[in-house]
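> Residues per chain are reported as follows:
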Amino acid sequence: MRNAFADELTKLGDADDRVVMLSGDIGNRLFDKFKDAHPKRFFNCGVAEANMIGVGAGMAMSGFRPVAYTITPFVTTRCLEQIRVDVCYHNVPVTIVAVGAGLAYAGLGPTHHACEDISLLRSLPNMSVVCPGDAWEVRAALRAALKQDGPVYIRMGKKGEPVVHSEIPADFQIGRALTVREGTDAVLLSTGNMLPETLIAADLLAEKGISSAVISFHTVKPLDEACLKAAFAKYKLVATVEEHSLIGGFGAAVAEWLADNHMPTAKLERFATPDDFFRKSGEQEYAREQLGLSAHQIADRISSKLTS
Amino acid sequence: MGKPMSNSEPNSAELKKYAAKLRGQVITLSHQAKTAHLGSSLSCADIVAAAYWHVLNIDPSNPSDPDRDRFILSKGHAATTLYAILAARGFFPEELLDTYTKDGGKLAEHPPANGLPGVEAATGSLGHGLPIGAGMALSAKMRDQTYRVYCLLSDGECNEGSVWEAAMFSAAQKLDNLCVIVDYNKWQATARSNETLALAPLREKWQAFGWDAYEVDGHDVADLAKRMAVMPNGSGKPVAFIAHTVKGKGVSFMEDDNNWHYRAPTAEELHAAFVELGLK
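So the sequence lines, in the order shown, correspond to chains A and B.
Note that the first sequence covers residues 1 to 308 in my numbering.
Note that the second sequence covers residues 1 to 280 in my numbering.
In isolation and in its complexed conformation, chain A is listed as follows (with noise of 0.2 angstroms):
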């Protein structure tokens, strides 16, 4: 996703003047071939992303239209606030851009990882969050993002990840989720770097017999209502998943959506992380084995469920 992010952003640079570069001391030599190409709109910020949210606030302001990029616990928690007065309450087209999220730095410790990131920035007002599910939607993602008037959050996984798309979704629109796979009794609704992962649970659900539509849920805000109400209405099971806590995350943005529309919850079932630090050295597969998160695993608590 990562690669994906900086080839795209050198096109878009290209061809708006607006786009500027804000990182925060990171992605050695990533985006050489966008400081190439407009060496005056590419700004090493340091390590300080509270300045590097504010300076993006103020450029925004002053017409252009700023990238913030760096790993994802320190451009969103660690400067939190900045977002939410100096971008969000301003609703300056500011695009903030992570790498890492949820379990994808899991080996660099809890302090890299980022499980709480979505619930963070969808509780602000203004804000869009979107979590690609491939390198394709990354780049989709940051065209749609480039083009809106406000402020959008883009949570990447890291690099060389599975592709799913063969091409840039033509339909990619901020708020719309894709269906990436068709099925008839249960539907996987993915956030974020989860999708490869869940469409392997959905053939291991296959091979069990029962037939699982998969839908990259790409927006976690705003909520495609159209598409959950097909899905609640459509399939005997609705299942979240995302590599972010359960609380505040996607699953916990579709449960309220149930409630508060008196809808039952019992088709749905959320795969996510648990509250709490995951306190163990290792990989991102083994983080999501431990965590229930791998595809087996979702295979197994679906196809129980279906038939319990």
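If you are wondering where the hints come from, they were derived from the structure by calculation, not from laboratory data.
Virtual Cβ for every residue (Gly too), placed ideally from N, Cα, C.
There's no promise every hint is true.
As the list claims (entries may be wrong) - Simulated crosslink set (DMTMM-like; lysine to aspartate or glutamate; CA at most 20 angstroms straight-line): (1) K141(B) - D260(A); (2) K106(B) - E94(B); (3) K40(A) - D176(B); (4) K40(A) - D144(B).
Claimed, not checked - Rough simulated footprint, nothing fancy, chain A against chain B, three-plus residues with beta-carbon under 8 angstroms: (5) 132-142; (6) 163-173; (7) 212-225.
Fit chain B to the given chain A structure using the hints.
Just chain B now, kept in the frame of chain A:
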């Protein structure tokens, strides 16, 4: 464009009159609305009067002119000073001041992001104005625009780490179109600022952070006007004025008494203040 007088010598007598009127309005607003932060609003009155009556390239009838100078009241708790000067300069009618803090109004106790003309950034949470101002100053550089950005900070505000992040960033980017004025009134909300965190030596701190930093008399309105108008000043650096001020300045019984961070004046005190300011 409404560049008042900055190429000319500041008119000291006139500026003093404007500053006294500003103080009178600020005290009246605090009395009417029974709001806090009067001492902080008075300590920066001369700085604000110098900026708006002499320094800033602004046209109140065209508040979103892309080439205007920007003034950010980073110490947003001195909102009454900003509201009163904006009204005096004609950004909005003076009658609007009567709606200060009233239900349904636009003039909250801290400057809002609700389209009130002349308010460049919503402030109130300390340490936000300077990063935003740095972004505006950098934007001017990127587009070869000549506007300047002025940020008024409080000394207590310099407790915030984001101020120093922005200070280092602005120096690295050589933002010689960015000017900070620290209203150094020696108090923060509940204690002496130098006894709270080790603020002193403040000018040397800004200098060490890469700024062209000066200590000035924050109540010599003509001197402030003259110095603040020289931006960029040729140093190639952002400029910081450490303005020595007195909290509650202008009213003897409020001066350097930190109770006026929270107290609002009674009718009798309002009258006494007006007499002292030569407004009655």
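> State for each hint whether it applies.
Hints and how they fare:
no.	hint	result
1	K141(B) - D260(A)	49 angstroms, violated
2	K106(B) - E94(B)	13 angstroms, holds
3	K40(A) - D176(B)	17 angstroms, holds
4	K40(A) - D144(B)	12 angstroms, holds
5	132-142	holds (count 10)
6	163-173	holds (count 6)
7	212-225	violated (count 0)
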